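K.L.:
Here's the letter readout for the chains.
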Amino acid sequence: MPNHKGRRAFVKQGGLLSTGIIAAPMMSQANYFSGADDVIKIALIGCGGRGTGAALQALQSKQRVKLVAMADAFKDRLDSCYKNITSEDLSDAGTKGSVKAMVDVPEERKFVGFDAYLKAIPLSDVVILATPPGFRPIHFEEAVNQGKHIFMEKPVATDPEGVKKVLAAAAVAKTKKLNVVVGLQRHYQNSYRELFKRKDLIGDITSAQAWWNNDGVWVNPRKPEQTEMEYQMRNWYYFNWLCGDHITEQHIHNIDVINWFKGSYPVKAQGFGGREVRKGKDHGEIFDHHFVEFHYADGSILNSQCRHIPKTSAKVDELIMGTKGKIFCGAANIRDHKGTILYQFDKKQENDPYQNEHVELFAAIAKGEYKFADAENGAKSTLTSILGRMATYSGQVVEWDKALNSGLNLQPEKYAWDAMPKTLPDENGRYKVAVPGVTKFY
Amino acid sequence: MIPESNQSIKMIGLQGGSFTMGSNTSLNQHEKPTRQVQVSPFSIGVYEITHDQFDIFFKDEEISQGSKADAITRPTPQYIDLSWNMGKEGGFPANSMSVDAAMMFCRWLYHKTGKFFRLPTEAEWEYACRAGTQTAYFYGDGPEKLGQYAWYKLNSQEKYQKVGMKKPNPWGLYDMMGNVAEWTMDQYDQEYLKKTLTNEKDKIILPVSRYPRSIRGGSYMDDAKKLRSFSRQFSETSWNKRDPQLPKSRWWLTDGMFVGFRIVCPANQPTQEEAEKLYKLYLGN
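Residue numbers (this note's numbering), protein chains in the order written: chain G, 1 to 442; chain P, 1 to 285.
Straight line, CA to CA, 25 Å or less: simulated BS3-like cross-link-like pairs of lysine-lysine:
{"no.": "1", "chain 1": "G", "residue 1": "Lys338", "chain 2": "G", "residue 2": "Lys315"}
{"no.": "2", "chain 1": "G", "residue 1": "Lys347", "chain 2": "P", "residue 2": "Lys162"}
{"no.": "3", "chain 1": "G", "residue 1": "Lys83", "chain 2": "P", "residue 2": "Lys68"}
Because the hints were derived from the structure by calculation, they are not lab data. Note that the structure is a prediction, hence the values are computed from the model and not measured.
Kindly produce the complete structure, drawing on both the sequences and the hints.
P.N.:
Right, dumping it as structure tokens:
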């Protein structure tokens, strides 16, 4: 990073570490590196499979980078992440040889527990936030307060109060010129970018379809030795304070594409959903299907469907309809209403969007450039998906402003292993599931 | 017949024999020189394994899913739909699976039926595809008639198609060329033919690493020359580039939508011990 600007503000990390005292760097202008050498230091917050993958992508961003700190609620997750990332042979991951030389995380920089992020963030120039999404708002807020560049996974919150926190921190990040990339990777994917450039071929967008229909995801069954908090953390997909339901956790990708192409966010949503087969003891409180009609201010409508039901037809895609034609995102082409192809993206030109997120982010950081401010859109697309969930849970028409200001906060009073989440099982180990017509948000 | 299902896998028995593998005229050094090789008798699937067939295994709730401990385990769920809307029910070829998932299907089938199944070796695959012919394609040397026999770049519209819609090869095998490319048992060796001895019998290059493995037949995405009987391709890590996790999925390929498989059943069946040893070599336990 020969030419980056602003090497004025350093903190001497060695001294801090040897005494074990962690202090937030006192920096007003934050897009400067806190290290005394030219290497960009990375802290990984959230060491699951995705966090490990994101760390590897950051290390392969072709800049001078080093992973210096890791944080996770669970020691076993952190340890397996460390083992994977320091493996001698990453050839399965498409990496030639090893990235071990770029991993400098001794035991004293491996932090475990709910507060681990507070210790890891100060040691870095860039943080990767990849825990379950419920924690994203406080992690993002902290990273912004400490003036770090940020890669954070989607969704960026699970409830409207979390979205508000992210929106507020996003505004601060802008004033501090912190680069923020959100893992809505279609924005970093060649085919989507090429389609977006040509979206005017279909005229004005009048409606859209979005799908994430497939079998569903993993389950981590309860173990007798677990506290309620540990159980929910291990089986996080099934609890809304952590996951946000699959409409938020996964389907956000497709909903976000429509917001992006539309250039705006819905003003209201209505729809229905429920759980038809996701009824086991370890299925927490989330639904297995949602079908939502999102209304934009100009009257155009997004029909969005997501389903996690095994043995049903699978489809993950987006289709955007305009006055002059249609954009088929999965097929990566644009057609007129007669079906004639107006544009076809050459799929051989497709990139790895996950890798590209990091290539572009770290290139900007290395050059001292301020290029990425994804947090606001990340928060608003997250809120769109939450709007959908509030609509399917309540069966009511849910308006954007009312949802955002509903005060809905799913987070526990305290993050600790002996603390209690707000959602608790009944005597049969079952959790309360939303009932349309009964469940109310405002 | 797959037990407890309405699906059957049609197989044709092939006498073993000797044939000329490879090509002296190929521009690809990996496909030359020709070698006379021998294969023992085996039967081979008339069609590529379909989604309907694969899903009986994938959705068999009697076995664990994604277990590291169990010898037979099912692939974990797909994070996204890896058929990419090309079609599932009604005879479309199964796709996007790793070679582990394909081998696990064979192992599952062995336990269901008591018959030993596996993927073909490269030599068996080429023997079956050539069906006694010496030409570049089993019907002749030029690509002009290829569309009668194969789904490939020029006629597929970027999608795989239902199996068995085109003309078969002289031995009655469908879609050997094109549609989905097919996994074989072999680690890919650039010098396979150079290192092959004259009249070498039942050659197989056992795997030492996950990539590259040998793929045959070309796919719906390939141009004509990749569909020739001697054409060789190999798996690459980029076939899973859009799996954002580490470790990456053992079972699925995010960018290998063009690969599938067909199965073989050697006439000389191994003992149970030998069979399990081979599965273990490929699957780890």
